[in-house]
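A.B. asks: The numbering used here puts the first residue of the sequence shown at 0, with every later residue one more than the last.
It should be emphasised that the hints constitute simulated quantities derived from the structure, not laboratory data.
Be a bit skeptical, because a hint or two may be false.
Calculated pairs, DMTMM-like style, for lysine to aspartate or glutamate (alpha carbon to alpha carbon, straight line, at most 20 Å) [claimed, not checked]:
#, residue 1, residue 2
1, 338, 259
2, 419, 409
3, 451, 420
4, 463, 173
5, 194, 255
6, 196, 374
7, 463, 541
8, 463, 396
9, 63, 374
10, 534, 514
11, 534, 204
12, 194, 259
13, 264, 329
14, 463, 429
15, 437, 420
16, 331, 204
17, 463, 389
18, 345, 329
19, 437, 409
20, 383, 468
21, 59, 429
22, 366, 25
23, 370, 204
Computed beta-carbon distance windows for the label pairs [what the hints assert, rightly or not]:
#, residue 1, residue 2, range
24, 406, 517, 47 to 55 Å
25, 546, 197, 41 to 49 Å
26, 478, 194, 28 to 36 Å
27, 517, 193, 54 to 62 Å
28, 479, 410, 39 to 47 Å
Quick caveat: nothing in here was measured; it's all calculated off a predicted structure.
Note that beta-carbon positions come from the ideal geometry of N, C-alpha and C, so glycine has one too.
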Amino acid sequence: MTRSVIEEPQSWTLVEVQKPNLTDEEIRYAVKKLQREPNEVEWAMLEAQWSEHCSYKSSKPLLKRLPSKGPRVLVGPGFDAGVIDIGDGWVVTLHIESHNHPSAIDPYGGAATGVGGVVRDILSLGTRPIALLDPLRFGSMDSLHTRWLFDNVVRGIADYGNCIGVPTVGGEVEFDTFFERNCLVDVVCVGLGRKDKLVLGEARDPGDLVYLVGGRTGRDGIRGASFASKTLAEKSDTERSAVQVPDPFTKKLVIEAILEAVDAKIIQGMKDLGGGGLTCGLSEIAAKAGTGIEIDLNRVQTREPNMQPAEIMISESQERMVLLVREENERKLVNILNKWEIGYAKIGHVTRDSLLIIRRGNEVVAKAPAKFVAEAPPVPRSAKRPEYLDALAEVPEPAMPEDLAQTLIELLSSPNIASKEWIYRQYDHEVGIRTIVKPGQADSAILRLPNKRSLALTTGGNSKQCYVDSYWGTVGVVSEAFCNLVAVGAEPVAAVDHLQFGNPGNPEVYWTFKEAIRAIANYLNAVGVPCVGGKVSFYNEDSMNRRAIKP
């Protein structure tokens, strides 16, 4: 696999760490809750975990309106992936993620690590990743910049998925000038596992040991969560250090080692390390169970010398997982990890006191309640109907073309209508020998399951219609996806959503977001299908004119 070149990022200075990318209200809230001024390490941790990317602080109240329960739902929103019971002791896991900002800077590395991140989400439930889908958005193909993004994003997805042996069985792509400087790179991953071997991201048992497994911790991806929670800068090359470095060969070993440990039933809890790194992973698994975690940063295997505590805590280096194991099973876990020749370190243990305590040797460098770190204060947002909708209503209908045959040829030559075969031919869609209906054969892929059933998968979107009418455009998107499933003889049983908008501080953007949520909730309630997870991605805007993407 050819890796993209990532410039060596500089380590933070103390001055940079002491200026958290938080609002004045959040800073006051932190001081009040802790009853003291957080130190530089704690500020860095809060900046990462309270970013929009990790906390969903602008969207969480609205997301609660989506139906999430159903007869097949075992695990819904709030964990790394939704879990659906497919009968005979088998479960399917599914999740969707994006890597928009990193892909706009380094399209190859950003797309590849986008795949890696959603694969870890599926793995963290103790299930094997069995399929990928990739919805993509780019600017006009007349632009050399768009062609550069397009070619490298497809190559990044292809290389990573092919290397780890997970087929890309579907997806879709749309080209529009609104995505010229802010492409959208989404990846769906589906997993398969046994119901009695599911692992949840909860630190339920004090005394359990905390293991950091997989790749070493480096300076790549530092402040990645904060980077994804703001509008891209015009000179975004300076933010290249926020892009993580992919390593699919290590990921393949991590997958196999963890699944062997899952089969042995020795993992008590598990969490992938994506946005926010150790800060996010440790605070969330402790907060969910009401426990605490104490770790020693001196035990973390680093890739670079002289890494500071803040850097280690918020690094988003790839291919890393946190595993919780009982002391009596420690030797079994270590034997499995040694067998697969992947790195590991026992960095701490679960405690009863609900505190997240970070030490470096004997020195405590950060200490705060895990729930306080994990749960950012919600941000109230105002909403206003966009003024551009009135202007659109006054646009006259186009005149009937004089040459319908020529018009048809021009339509069919549009990249939005033309065949996408070049894209899916880059992907191995048959590895794993589960794919029955393949890309290009239908609007849904079909996979063979071990219980003599089949699984249909599809994805879709329509930014143009959602731009004109956020509510009915979204209804159309969900309806089309369900129709794609029904067209291959499948019954829709679960959905995940990915909502991508501009700056939530813009009332017009937030209005369109609220309308999309309302549409999804109404449609899913009407047809009785739960939404078991998803993703919200804000701050998708043109860096030149601050124009939001089409939703």
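A.B. asks: Take the C-alpha atoms of residue 345 and residue 329, compute the straight-line distance between them, and say whether it is at most 20 Å.
C.D. replies: holds, 10 Å
A.B. asks: Does residue 264 pair with residue 329 here, judged by a C-alpha cut-off of 20 Å?
C.D. replies: With Cα atoms ~12 Å apart, residue 264 and residue 329 stay inside 20 Å; holds.
A.B. asks: Does the alpha-carbon distance linking residue 534 and residue 204 stay inside the 20 Å limit?
C.D. replies: violated, 29 Å
A.B. asks: Given the hint that residue 338 pairs with residue 259, test it: the Cα-Cα distance must not exceed 20 Å.
C.D. replies: holds, 10 Å
A.B. asks: CA of residue 366 to CA of residue 25, is that 20 Å or under?
C.D. replies: It holds: about 18 Å lies between the C-alpha atoms, which stays within 20 Å.
A.B. asks: Taking 20 Å as the top limit, are the C-alpha atoms of residue 437 and residue 409 close enough?
C.D. replies: With Cα atoms ~28 Å apart, residue 437 and residue 409 exceed 20 Å; violated.
A.B. asks: Looking only at beta-carbon atoms, does the pair residue 546, residue 197 fall within the given range of 41 to 49 Å?
C.D. replies: Since the Cβ atoms of residue 546 and residue 197 sit about 43 Å apart, the hinted range of 41 to 49 Å holds.
A.B. asks: Take a quick look at whether residue 437 and residue 420 sit within 20 Å of each other, Cα to Cα.
C.D. replies: holds, 11 Å
A.B. asks: Holds or violated: residue 463 and residue 541, Cα atoms, limit 20 Å.
C.D. replies: Holds. Residue 463 to residue 541 sits at ~17 Å (cutoff 20 Å).
A.B. asks: Is the straight-line distance between the alpha-carbon of residue 196 and that of residue 374 20 Å or less?
C.D. replies: Status violated; Cα separation ~28 Å.
A.B. asks: Holds or violated: residue 383 and residue 468, Cα atoms, limit 20 Å.
C.D. replies: holds, 14 Å
A.B. asks: Would the pair residue 463 and residue 173 pass a check requiring their Cα atoms to be no farther apart than 20 Å?
C.D. replies: holds, 10 Å
Violated hints, in rising order: 3, 6, 11, 14, 19, 21, 24, 27, 28; the structure is consistent with all others.
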